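Going line by line, the protein sequences match chains A and B.
For the first sequence, this note's numbering assigns the number 343 to the last residue and increments by one with no breaks.
For the second sequence, this note's numbering assigns the number 1483 to the last residue and increments by one with no breaks.
I should point out that these hints are in silico values taken from the structure, not numbers from a laboratory.
On a predicted model such as this, the values are computed, not experimentally measured, just so you know.
Note that the Cβ used here is the ideal one computed from N, Cα and C, for glycine as well.
Warning: the hint list may mix true and false statements.
Claimed, not checked - Selected chain A positions facing chain B (Cβ under 7 Å, derived; list incomplete):
(1) 262
(2) 278
(3) 284
(4) 288
(5) 304
(6) 338
Each chain is listed here by its residues.
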Amino acid sequence: MKITDETITYVAALAKLELSDDEKDRAKTDLENIISYMDTMNEIDTSNVEPMSHAFPMKNVFREDVVTNGDERDNLLSNAPVKKDGCFIVPKTVE
Amino acid sequence: MAEIKLQDTTPMTALELSTKMKAGEVSVEEVVKKQLEIIKSEDEKYNCYITVWEEAAIARAKEVQKLIDEGKLADSSLAGVPIAIKDNICTKGELTTCASKMLSNFKPPYNAEVIERLEAAGAIIIGKANMDEFAMGSTTETSYYGPTKNPRGVEYVPGGSSGGAAAAVAAREAVIALGSDTGGSVRQPCSFCGVTGIKPTYGTVSRYGLIAYASSLDQIGPIANNVADCASVLEVIAGHDAKDSTSVPTQSYQYTKALVDDVKGKKIGIPRGYIGKGLDEEVKASILAAAKVLEEKGATVEEFDLDIVDLAIPAYYVLASAEASSNLSRYDGVKYGYRTSDFEGLGDLYKKTRSEGFGQEVKRRMMIGAFVLSSGYYDAYYNKALRVKALIKEGFDKAFEKYDVILGPTAPTTALKIGENLSDPLKMYLGDIYTVSVNLAGLPAISLPCGEDSKGMPIGLQLIGKPFKEADIIQVAYSYEQARIK
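Input sequences plus hints: build the corresponding full structure.
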């Protein structure tokens, strides 16, 4: 698997990362090695195998819609880098 | 406290220590202060801890002493016992950094379920242990807080990602510890540091409050100096939790009942691929000698083929990276954690915050994850890995029709020198060859010491069990340990 500069730019954008030129070069080499190694999975035919997300059957867990927690607003906001009047502060996103 | 020598070559176990405290032979405060003293004198060498809870631990010791005096912890085997907690497990109001700049100021508003359970049992949290950043790594070198050194030789890595927790137990800087295991992160550092650790069956221990790396693979597990202490800790932290939708109720959590020195009639299988190419000769000899010990004690041991595990590493790194890229998208500089100081607009806030807050290995895995999940590659990598995972599970299911326990090494080598693997990520990933398939198949496994190589570095024996049959691996491990002590 050949990893191009475009691919690196694309996956960095998907991962919301800004890479320096050095980081890009390194990522290209690393990803190429790692993805090529992942290609060894093609040695085995899996056309008749269903993809398995969980090792054990998982069922959706239902419960009654009852409130069990109290008002945690201030507690949850305590880690916010910037907050005001009980809200998280974010840059303006809608003009 | 002459009789309590935490630094003896034969360490005091959690069970012995707790018994002494409950009998009034030594106070909880004395034990905790002694533990803090050891940390003070040793941790400069090893860097096991990110945060040490000096005042909190002493205050807590007084509370636990009161409970012991009132007879309220009579049944707890962990009453008053100092424990180190890997720094990806949330502790209310106390720093939980994941060894990342991204969370270097994060104080969780709640406790992980395992913390609630440990506190109810009277265990005393002594500090938060160093780790690879966001549990991504096999050496504890990717920590924002600097690498942990192996107490058995400071020029060696302690393994990872729970390297701080395993090293703390090995250095007597904690009596017991909690780590987390996504692809070997409890077992491999235990192997490298010469201590014992269990990766429970997926769903046995609540993940509520464990900061996610790869949610379908992550499990919290105990680390200790022997099998009995591991079983005791597991007994305390295991159990159904409605707050974790992947928590599976099981019939019995009484793991200490499996501490029986008897392997007669137990059927043990060794996958040929686990003792073949790529395995260090000294490690191999030690593993086969351990198998021989179990055979002499009455177990039947035979080799068998489990070739599909050859594809466990590529499948694991596809799936773990994919889940990591999704899980770590929450770090956006808005709700908690690091936020860049200089940005223009929301997109720039995200990018700068994440680029400055995450280290190299985390970035690498998020990009691999983004790649294998991206359109055009999803089927070829992500879905393919899920199919390989199904085959690995099937392979183990078949093996467990014949065997009670699967035996092999925990890692292909003993601990490597610091810096040796950091420059080549793929080489580091390959070191996880014997551990990752256990996570993919959701199985329980234990790593315990079985010898040393010619450099004096510890070798770890891995025993893998059927789903929810922790008791089987605990019994076989305990029996082996008894033979080894003699």
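Going through the hints against the structure:
no. : hint : result
1   : 262  : holds (4 Å)
2   : 278  : holds (6 Å)
3   : 284  : violated (9 Å)
4   : 288  : holds (5 Å)
5   : 304  : holds (6 Å)
6   : 338  : holds (6 Å)
Of the numbered hints given earlier, the model fails hint 3 alone.
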